[in-house]
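Peer 1: Working from the sequences, and respecting the hints, build out all of it.
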Amino acid sequence: MSAQAIRNYDDAGILPPTERSKTGYRRYTLLHAQALRAFLALRRGHGHQQAMEIMRATNRGDTESAYRLIDAAHVALLAERDTRTEVATALGSLSTTTPAPVNGRPLTVGELARRLGLHPATLRTWETQGILRPERDRATGYREYGPDCVRDAEIARQLRRGGYLLHQVAQFIESLREAGGADALSAFLGSWQDRLTTRSRNLLAGAAQLDSYLTMLDQTQQVQLAT
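Heads up: the sequence shown begins at 21 in the working numbering, then just goes up one per residue.
By construction, these hints were calculated from the structure, which means they are not laboratory data.
Please note that a few of the clues may not be correct.
[As the list claims (entries may be wrong)] Beta-carbon label-pair distances, calculated as ranges:
| no. | residue 1 | residue 2 | range |
| --- | --- | --- | --- |
| 1 | L97 | N28 | 25 to 33 Å |
| 2 | L50 | G182 | 56 to 64 Å |
| 3 | Q242 | R80 | 12 to 20 Å |
| 4 | S211 | R158 | 36 to 44 Å |
| 5 | G182 | R215 | 22 to 30 Å |
| 6 | L186 | S85 | 32 to 40 Å |
Glycine is no exception: its CB is placed at the ideal position from the N, C-alpha and C atoms.
Peer 2: Right, dumping it as structure tokens:
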């Protein structure tokens, strides 16, 4: 790390106040070194901006704000973890029976409804929820359901039968589209889990370094009060 980077962190409030020598040089202590360790560790889990805000709040004595920032990161991570679990559960609940492929022209809303044993209004509702994305015939404006859309409808029917809510179905279908299919989604879920685990460990490591810094701050303040 360059000397200029240290000065920048100092000026940004990431480090505690620094004393100056008679010649104007900054004097750094073990407390500053621990503050830097805490910031670098927090940055891996929270990102640069939020890690900086946590350190600034800590250094001005506003630990409540620092704790809130940390808590918010854990809440967001838990929500993402729940999302990943819901998608994985949905994938595992799908029937192993592959729907018959659709060849030839796209299906109309009525044809697809009959294929699935549903009312056409249900398919329109799924469209408004983002579950289905049918094309439109340029001449008539009627909905056209191609192979991918039929596949999504088949999956949605199975998930709905399994008790999944519409927003959960939409979430799963969107993940399936982004991944490029069920096999790709399985690999994607694995890498997603790895990222969640890495971030959890990074948050823990950042919290440990920050806790050490807070302990040193308390000890420094006690010494100052004693003298």
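Peer 1: Which constraints among the numbered hints does this structure fail? Numbers only, ascending.
Peer 2: Hint check: nothing fails, all pass.
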